[in-house]
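*Asks:* Now for the letters of each chain:
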Amino acid sequence: MARLSAPSEILRLRLYIAGNGPNSLLAHANISALCHEQFSNRYELEIVDLLESPDRASSDGVIVTPTLLKLSPAPVQRIIGNLNNATQVLLSLGAS
Amino acid sequence: MSYLIHSDVAILTQRLTEAEATVKAILSGEIDAVVDPRSNSPVLLALAQKALRESEARYRSIVETANEGIWMMNFDSTITFVNQRLADMLGYRPSEVVGRSFYDFIPPKGREEAGRRLKRASLGRAEESEGTILQRSGQETWVLIKSNRIHDSAGESTGMLAMITDATRHRAAERALRESEAEHRQIVESTSDGIIKIDRSSIITFVNARLAEMLGYTSAELVGTTLLSIVARSERANLLQSIMERQQDNTTTLETFYRHKLGAEIAVSIAGSSLLDGQGELVGVLGVVRDVTERKKLQAQLIVSDRMASVGTLAAGVAHEINNPLAAVIANLEFIDEGVAMLQVSGVADQDPEWFRERITDPMLDARAAAERVRFIVRDLMIFSRSPTDEPKHAVDVNAVLESSLRMGWNEVRHRAELVKHLGTVPFAVANEARLGQVFLNLIVNAAQSLPVGQVSSHEIRVSTFQAGESVVIEIGDTGSGIAPEVIERIFDAFYTTKSVGVGTGLGLAICQRIVTDMGGTLTVTSTLGVGSVFRVCIPVAVETAATPPEVQSAHFFEAGGRLLIVDDEEAVGRILRRSLDKNYDICIVDSACAALALIEAGDTFDLILCDLMMPSMTGMDLHSTLLRVAPAQAQRMMFMTGGAFTDEARQFLASSGVIHVEKPFHLEFLRATVHEFLVRAECIR
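Protein chains in written order, with my numbering: chain S, 745 to 840; chain Z, -17 to 668.
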């Protein structure tokens, strides 16, 4: 089981998607599974569908979907793509 | 696969920028939508992805199969991409190149410039330049470089892309072309012929420096103008026709006249060849143009000299035939006149003076005057007989030559104008008598022809001579219509004539000027429209005056005696010489050189051998050369008579030193004086 570098802190993620686009669905599925597996209840995942709320994109500087933002713990990180490579995603999220 | 971007540090791949990650994600098909930065609305990419992938594949194949080497680099000079072609050029595998600094592949001396190029590209300037790249082997290759900035999707520049072409061969070819071009240009510009190119509408498209110089223009002035502007007006129609005909023809040579910027016509010979394009269509004509004005002038002079020489040869022959009997006529008339004078002295004439005058004196004067006229006519003819090739210049009595020309031109003058002569006392001038006479005659005839026939009293031809400084000036003026200013500047040009075809050759004044210039003089003209023209010949004064004929020294004239041999095939000449000389000398006459030689070879000796020059079978010259061998002392005693030395050999003989001769017909007094002088001098030498 992966561990967060600061176990007490909650992992806060935000996934930008575009409706039912194949990569959006894939990314959603991938990150949900990963979080469920690795972080059980110590995470918050917010899904932002830009087709429903397009104005949200500019605040985080998102230019493509899917884009995953790790909001905390710091530093903020951004992962672009369908999140198929779990190992890389975990590494990026700072999990060891 | 996923791409991670950190706002400060790229964790997944150090080299990937956010934009690159985005692009790669797009290319690998992991993106559903792109946010349009203007509207903030997401644009779905489902269909675009496929196209993009295909497009990327296409670009990749282009990049990999391109003949050009391609590399991309960051502005920190790290190479991010290289295609196979460039890797080959450098001698590395692509993976050995990516990630290294591009300076590693530039020779040290080119690095500064390469850095500047990268800097310029970062500022967004697309440019083409040349430079060198360094191969693995250490060899340097000269390349053409096209570089440009590359941008990410947000419009940020991320680095530079450069396309690189091996220019070694290109450069060698370019140099060879430049050298060949320079060589051809040098040939074209240094040739002594003019070169001109015209297009199908006769517009000049090229001229070399020589052609421009020939016409007095600059090359720039001529290119773009029509060919007609440099062709003499009179030739334009001909030229147009010949251009039409040449549409089919490929090479021709023609002679025509161009027009100098200042107006003079230039005789040219043009070798023209058609210029065809790749399809064999006529696109223009190339002409090699030679200025033949000088050649034409010389040719024309040659023709005239030739004609003059033939006339001269004929005249000399005729003159010789006339002079021999004329010598007898004139000398006999003079001899009779001497007899008449004796009758008058003795008082016989006083018995019936009226009868004596009517039957003796007057007819005698008329006969002598008429004979003199014949003598002058023949002498005038002889002026043209002197060969123009060996034109010796002597001290010449200009007035006498002018008088002679006036007599010859009199027929032209007398029906048109009064002749007004103001011949001053002038010193001898250095000139060739025959040529000077030709000039005067030409000017007199020109003056006459400027006047209409039949209005003798209202027109004048004024002829005057005077001295001005070191020159003798001869002016020949008319009261004709004058010469227009635009004509006067061309009046001495060869071929220029205002007379109709067949009347004038247009050569007269040109040749006159040449003759006068050759004598060190000048020929000029002044003219006023409606008043008339004056031609002025100036010739330098002779330093020494001509040898004067020997003085008649009557004091001891009859005292000298001697034995004379007269050799002449004209028996009448022999008889009058005996009549006029036998009072003082012991005379022996023979009618051939052979007979004379026989006498001398038989041992006879003479104080003077008066010998005709031109005789059949053995000439006076032959006799002289024979005597030089068999009796040199007698050869020293020879004096020659001639009615006209009409061969070159004879002229050269007479010109040689020590040969004394008298011209037939002669005056008795002059002959007696010359004979006497010869004997006195021979006596002194002895």
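Treat each hint with caution, since some may be false.
What the hints assert, rightly or not - Chain S regions said to be covered by chain Z (calculated; three or more residues, Cβ under 8 Å):
| id | stretch |
| --- | --- |
| 1 | 765 to 773 |
| 2 | 778 to 791 |
| 3 | 797 to 811 |
Claimed, not checked - Cβ pair distances, simulated, as ranges:
| id | chain 1 | residue 1 | chain 2 | residue 2 | range |
| --- | --- | --- | --- | --- | --- |
| 4 | S | G763 | Z | L9 | 16 to 26 Å |
| 5 | S | S802 | Z | A108 | 39 to 49 Å |
| 6 | S | D799 | Z | Y85 | 26 to 36 Å |
| 7 | Z | Y85 | S | S802 | 39 to 49 Å |
Honestly, the hints are just simulated from the structure, not real lab data.
We treat Cβ as the ideally placed atom computed from N, Cα and C, and that holds for glycine.
*Asks:* Identify every previously stated hint that the structure contradicts and give their numbers, smallest first.
*Replies:* 2, 5, 6
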